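Peer 1: Residues per chain, in single letters:
Protein chains: 2
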Amino acid sequence: MKNSTQYQTVRVPLGERSYPIYIGKNLLSSLGRFFHRHRLPKTVLIITDRNVARLYLKIAQRSLVQAGFAVRAIVVPPGEKEKNLRRADAVYSELLRFRIERRSTIVALGGGVVGDLAGFIAATYQRGVNFVQVPTTLLAQVDSSVGGKVGVNHAQGKNMVGAFYQPAFVVADIGTLRTLPDREIVCGVGEVVKYGIITNRKFFSFVDRNLPNILLKEGRVLAHLVSGCCRMKALVVSQDEREDNLRAILNFGHTVGHALEHAGSYRSLKHGEAILLGMIAETFVAYRLGMISSKDAARIEGAILRIPMPRSIGFSFAPSRLIAAMRLDKKVASGKIRLVLPTSVGKVTLPIVVDEKIILEALVYLRAVLLSKALVV
Amino acid sequence: MKNSTQYQTVRVPLGERSYPIYIGKNLLSSLGRFFHRHRLPKTVLIITDRNVARLYLKIAQRSLVQAGFAVRAIVVPPGEKEKNLRRADAVYSELLRFRIERRSTIVALGGGVVGDLAGFIAATYQRGVNFVQVPTTLLAQVDSSVGGKVGVNHAQGKNMVGAFYQPAFVVADIGTLRTLPDREIVCGVGEVVKYGIITNRKFFSFVDRNLPNILLKEGRVLAHLVSGCCRMKALVVSQDEREDNLRAILNFGHTVGHALEHAGSYRSLKHGEAILLGMIAETFVAYRLGMISSKDAARIEGAILRIPMPRSIGFSFAPSRLIAAMRLDKKVASGKIRLVLPTSVGKVTLPIVVDEKIILEALVYLRAVLLSKALVV
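First to last, the protein sequences are chains B and E. In this text, residue positions in the first sequence follow the working numbering: the first is 2, and each later residue adds one. In this text, residue positions in the second sequence follow the working numbering: the first is 2, and each later residue adds one.
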């Protein structure tokens, strides 16, 4: 590596599937060196979306070509709506047209949607090729690029088709966050706050306190967020790779959140926004069940409400539709909806069955909170 | 198990993914007991095709229900043409409609097509559920149900989308072979002969000598074939699960064979038939390159030609189209076609690059052999 390229390394310890996450500035222009170090085969196929391609595809390509790799790219339309089997099928066709062979590497260059889609393709094309994650959004850097969850949505539910497929390594270039729209930073903060709530009270306070610096995309603070979240996620994932148990805590906010995304057809709410709202509702459930003190519940809700969400975020979903969507959640067991619930700031339960009546109450509460917030922002 | 249920067990040693293959008569009616023994969750979803459903679905369902499992079934149309992403998508929809949860088991009840499709769905539905193989054809029992290769075809190539996903166990009920059409027995014999050629001269002789008993579906002989092939396959797969190396020898006959299947749009030739023809062509290549004695090449060809293939099997494919199809084979590296070649009866090479001109010669030779055979049969 050049001296100018400084970075931290967080390891995800998963036996023979262990891998490093490289976190730093200007790593994209050194991508080829990381490929060299990991002795990846000569053929590289980058999957990215139109928005990211415009900004970063050339830099990534140039670095790989300079390092002696043969590089092709497939550019897909942006948006969660594209994360489906039909798009995957179109990408398989491109891969075959390019004669991409089994000994090759697929790179996901972009946010969570690109990472999930490209990862699913890497996991399934010719029964699996090498995979590298290059997340370019805060959400992808702190969460979705780490841990091997890949997949696509189904018309009837989010991430219903997928796999656990670990990358060879992850390169999180903090520099790419500079070009991120504010709304995308907010999405990332959604997952960042989640990590604080589920495992680390100190980290939660750091995020809450530094919210202005985060929104101003201050490099040092962002690097701290990314490495902190990756460390927490690595710890959880290494203990339970396939989510038989502990890993489920990462889904705090996601049962209600996924239902909100689904009800809005993945258009009206972005993933991180839905998770923020989901955490409000699920914290209410914990409070309503007497599992968390009013003080801690208020701290969680307060921190979330301080995050500036767009005024357009309303709540126009029939609660019964949301409940129906939740019944399709992957944590559902024996037909019962299960939620991860906070018991304090920094601690959550494993998924537990919650009475649908209480979830309905929480949705009504969430709607009320959003209405009052719309008046304020 | 009831005393009346006798069976052999072949273990596939794959560390934490190890599993047994149970081989015997009347095992289908004891299916529930195997599920109990393996402590599988309460919900079971059987995927099968119309032909197999008619014969065996009720028996399997009854056994599972009697053992206390909640059983649903999805019946797909038969045929290799159905092994695609569109069919998989339709099955995902059914699974979601049935509210099949992550803690459940998908059973493949049928031949290789059902096994590959159901296995792919088990590997990817909600990022993977438990999987059990219940192969009901000779081909599936001796080959495709063992080793974890699952997947679907793509318009541009066979098995181009898939995964390595091991079952919890395999139940090979020899009794189900009684109802198998003769053409399906021949398909299975294709893979059986392959095992002899690639690893075991004695087994090859046994198959050649006992061909009449095999075609008459004599239970004792069939059980010997199934356990013998499973043992050989387990040995190979346990050394190289993801086909980085040794496992590729199992593809003897498959590079040419897949191209023949593809050229015939998976209609004119069945998989096992295509493999038989592929082995003739690939043995010719080995002979042409001076890698196998004329005596051993003649023994291989002679044994294959003694297997009664339907008169309708012609060879109406442009060799150039076949070569183009081979270039999409998963063993292709750096654009070069690679073949597994026999060096004697019982021994093959790892995939080696072969000049396309010699492959063309082999295809011309194969056509000539088939023409002469058409006059004889």
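Mixed in with the good hints, there may be bad ones.
As the list claims (entries may be wrong) - Below 30 Å or equal to it, Euclidean Cα-Cα: the simulated DSS-like pairs (lysine-lysine) are:
1) E:LYS374 <-> B:LYS43
2) E:LYS43 <-> B:LYS337
3) E:LYS82 <-> E:LYS203
4) E:LYS43 <-> B:LYS358
5) E:LYS218 <-> E:LYS82
Note that these hints are calculated values from the structure, not bench results. All values reported here derive from a predicted model rather than from experimental measurement.
Peer 1: Next step is simple, just say for each hint if it's right about the structure.
Peer 2: Each hint, compared with the structure:
no., hint, result
1, E:LYS374 <-> B:LYS43, "45 Å, violated"
2, E:LYS43 <-> B:LYS337, "15 Å, holds"
3, E:LYS82 <-> E:LYS203, "36 Å, violated"
4, E:LYS43 <-> B:LYS358, "27 Å, holds"
5, E:LYS218 <-> E:LYS82, "27 Å, holds"
Checked against the numbered hints given earlier, this structure breaks hints 1 and 3; the rest are met.
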